Amino acid sequence: MNEEDLVQRAADERAAIVAKYRHGRREGAEIYDWEEQTFEVYHALDRYGFIHDTNKHPSEERITEHQTPNEIKIEMEREKKWVKMLNNFQHVPPDKLRRRIFKGIPNSLRGKAWKVLLEIDKEKTAGKYQEMRDLAMKWSSEIRQIDLDVNRTYRDHIMFRERYNSKQQELFNVLGAYSMYNSEIGYCQGMSQIAALLLMYLDEEDAFWALSILVAKPKYNMHGFYIPGFPKLLRYQEHHDKIMHKFLPKLKKHLDKNGVDTGIYTLKWFFQCFLDRIPFRLTLRVWDVYLFIGERILTAMAYNLLKIHRRKLNSLGMDDILQFLQVHLERRFEVDDDVAMESLGKCLEELKKSKLDYAGPPPQLELPKRKFGTFKEPSFEQKVSVLPSLPSRHSLKDRSSAGRHVSEPKPVIVISEPVGRRSMEFSRMEQSTRESVASRRDAAMAAALTAESPTEEEPSAPNGHARHSHDESSALPGASTTTRVVETKIHIVYWVKSYDNVHHSVSNSYS
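FYI, the numbering for the sequence shown is 1 to 511, going by UniProt numbering.
Just so you know, the hints here were simulated from the structure itself, not pulled from any lab data. Hints may contain errors.
Claimed, not checked - Have a look at the derived ranges for each label pair, beta carbon to beta carbon: (1) A126 <-> Q67: 35 to 43 Å; (2) H245 <-> S166: 47 to 55 Å; (3) D33 <-> K355: 38 to 46 Å; (4) D121 <-> E36: 34 to 42 Å; (5) K250 <-> G127: 22 to 30 Å.
Treat the numbers as computed from the prediction; the structure is a model and nothing was measured. Built from N, CA and C at the ideal position, the CB exists for glycine as well.
Model the full structure from these sequences, guided by the hints.
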């Protein structure tokens, strides 16, 4: 298949996907059985629209409890206060606004409040969203990945339950439009959940501008999370480590001893502002504060979670720690939301006093370089780039072997501009995390066995105890530079320009 055929095949695939979303669920819609979510009568809706299996044990299900009569009464009183406040928002004293936001924005007014906090009306440019959306349907190289992610984003929520329904169409449109609006990022896995959350409370165009504000405005600057190499994620993980060493040294030592690196559990905490890692009702409270205060909340909430649950975590081993942080916290948080939010406020003040509330200004690397919302129709040469395939880690190892000749890799055709490699890098990061966890578990088991019974390589010491190295890195299997990449923030493993995987991905997709 030549270059022209490959370009045409990519265009045809994009057109077919776009056509399905435009057709929606009308008669004749092409929807496969595996794309539909089936729910029985024993499923129940919570107040936020999530569907729950009432036959499951509470410990197995993410439960968002219904409000008690007293809670409903309190919320109604607070709604009255918020209506007055939103109608005169510019004149609300900052301390008063802060107190009320930490108490939680009433759910019925959350969309209106978020729109005001983000100053969406100031950001809007008439006609720009429609322009980017239309361009995306014709040109975006991200359409295929966006379609895959829309199909698995919050399918347990009533708004996104049905394939190609109106909310899935809106989510597809917002992500597609943004992939054209910000060509440095294009699309990255993780953005779909954020856009879906915004669509639960905002209309389609407002959700697009809200996403744009979160990514580009200095107050939030999520741009650095999504560009190649995820530099802001790594910087925030390093800052989190500083906070842990300062305020939770015992827990930090325990996590290190069990091989639970910061990069393993903070990925979604920082990447998606705690979505899918704590109960949804508490996530909304955190997002209320995040939109008000900005990025400082990310490291403060990370510290808050570990501080609240430090005693429990100190009693767990590696597998249980990961299960607790990645699954248990979302399903059974075990601490009242008001208590958690009050603790968050205290953690923020505590960090501020120690000058650790702010990870510092972003380096130029994390800031947008290209102008937003500009597009020039690509030439054929731009649609098809021929890049040299970098050798894999295995071929590099072979090349270093004594006298072994390895032929130079052949060029591989890559379709369209390499705008959206974040999706692949994000997946590779998660895979690297899982591999890191598995290798640490194996290393811990091997170390325990070695300590219990001396081997021929490790004869018993005079006192009867097995000898072992005090260098923790040497206990890791293959603690070479390659393996330690996975250990040290996981990034170089998935950021060797990612050409190797890009080429394999393209070859598999279009061959």
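Checked hints:
Checking the proposed 35 to 43 Å range against A126 and Q67 shows it holds: the Cβ atoms sit about 40 Å from each other. For H245 and S166, the hinted distance range of 47 to 55 Å is satisfied, since their beta carbons lie about 49 Å from each other. In this structure the supplied range 38 to 46 Å is violated for D33 paired with K355, their Cβ-Cβ distance being about 56 Å. Look at D121 against E36: about 38 Å separates their beta carbons, and that is inside 34 to 42 Å.
Between K250 and G127 the beta carbons are some 57 Å apart, a value that contradicts the proposed interval 22 to 30 Å.
The structure fails to meet hints 3 and 5 from the earlier list, while all remaining hints are met.
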